[in-house]
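**Q** Using the sequences and the hints, build the whole thing.
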Amino acid sequence: MATGEEVKVLGYWSSPYALRVKWALKLKAVEFDYMEEDLTNKSALLLQLNPVHKKIPVLLHNGKPVAESLVIMEYVDETWKQNPLLPQHPHQRAIARFWAKFVDEKEGEEQEKAAKEAREHLKTLESGLEEGKPFFGGESIGFVDIAAAWIGVWGEITGEIVGIKLVDEEAMPLLTACFQAVLQTPLLKECLPPRAELLEHSKRFRQKLMAAAAAST
Amino acid sequence: MADELVLLNVWPSPFGMRVRIALAEKGIHGYVTKEQDLVNKGALLLEMNPVHKLVPVLIHNGRPVCESLLIVQYIDEVWRNGYPLLPSDPSRRAKARFWADYIDKKMYGPGRQVWLATGEAQAAAKGELIGCLKVLEAELGDKPYFGGDSFGFVDVALIPFYRWFSVYEHFGNFSTVAECPKLVSWAHRCTTERDCFQVSS
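Protein chains in written order, with this note's numbering: chain Z, 1 to 217; chain L, 1 to 201.
It is worth saying that the hints were derived from the structure and are not from the lab. Glycine included, every Cβ here is placed at the ideal spot set by N, Cα and C. Errors might be hidden in some of the hints.
Here are the simulated lysine to aspartate or glutamate pairs, EDC-like style, with alpha carbons at most 20 Å apart [stated by the list, open to error]:
(1) L:134 <-> L:104
(2) L:106 <-> Z:105
(3) Z:106 <-> L:101
(4) Z:55 <-> L:104
(5) Z:116 <-> Z:169
(6) Z:28 <-> Z:5
(7) L:53 <-> Z:105
(8) Z:101 <-> L:104
(9) L:53 <-> Z:126
(10) Z:203 <-> Z:160
(11) Z:116 <-> Z:168
(12) L:106 <-> Z:104
(13) Z:54 <-> L:128
(14) L:53 <-> L:37
(15) Z:55 <-> L:139
(16) Z:101 <-> L:77
(17) Z:64 <-> L:139
(18) Z:123 <-> L:47
(19) Z:81 <-> L:101
(20) Z:101 <-> L:139
(21) Z:55 <-> L:101
(22) Z:106 <-> Z:126
(23) Z:123 <-> Z:168
(24) L:105 <-> L:139
(25) L:105 <-> L:128
Calculated from the model, a selection of chain Z residues having no Cβ within reach of chain L, i.e. all distances over 12 Å [what the hints assert, rightly or not]:
(26) 15
(27) 52
(28) 101
(29) 162
(30) 200
(31) 214
**A** So this is what it looks like as structure tokens:
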């Protein structure tokens, strides 16, 4: 890290979007300070840095905030050129951005509500992988891998709660292998939240959603 | 080798318009537009955009690019010597991407609901839409364009929806110029000052 460079990440322990940012910075060997937000009592700093959405993650680089995880990932890739996350060729870059956007649109955290649909979308996502190449990024972890591999953890937990196997090795072998390869990478694995806590958190979240749905009928 | 460019589009699409504006700003006029039937989708569309089966799709030398904002970025990266649609500074690029994303995530949905829904759903959408337009107007501030002095990515992302303002106003029963006068001035500025709007579409 260059002297005087200040990199901070405002995040939340169970957020896959914050995880994306940590992963991007780790892969680039960029040192950063991590600040855990209390989402039930958002800090003045968060509200100042992301007044539009008031959400994490937010990257703060030398006093300048960047919000929205995929926007942050592009910023990180453009600012720190080592270990590029996006491919060089414009068409391949467009394809990578396409799949990252697909993950955001189809596999949001509300996958709890629509697990069957989410499973179908994962089958579509599988089509973005090439036989013989371990990652969306080809031989090395790239933009889409960072954007999507959280599903390997969160999907498994959702599957356990709702009884549907989301990341199914039989139906989506390439995707399963890709996610596993990313999640087992030590540098990235150490960023993952503890599984037991994540499971409890997801169960509570689902109960809240179901209570809200029942209350509105 | 001469570039072969084909645009799969439907003429009313604001998303397709973004692509047409981007190409025009780069001085690219020699492309074929294939008007699509979105009810009975053709084989080419299904082949070029199998995931979403939507327009616009830009096919460049046989290779498809989908999703309007991704196409605009692609155009900017391929024709990098033409008019710059995105700034060069990463921090400003991030800001541009953030606001383009905001338009798609926060404005498009409520706008559509104002047009198509009724009753409470429409009323809620109207509140959301006007709120969103005010946020955009605040971001614009006193700048001539969202990009600052130059027409750029966010302007390209938003300006096609200007022709939809009258639809939202009609169905939502409100006046954009009353709620967001600066935004309307910005829209007039874009449509009168940019060459691409002087070309008949």
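**Q** Could you work out which of the previously given hints the structure breaks and list their numbers from low to high?
**A** Numbers 19, 20, 27 and 28, in rising order.
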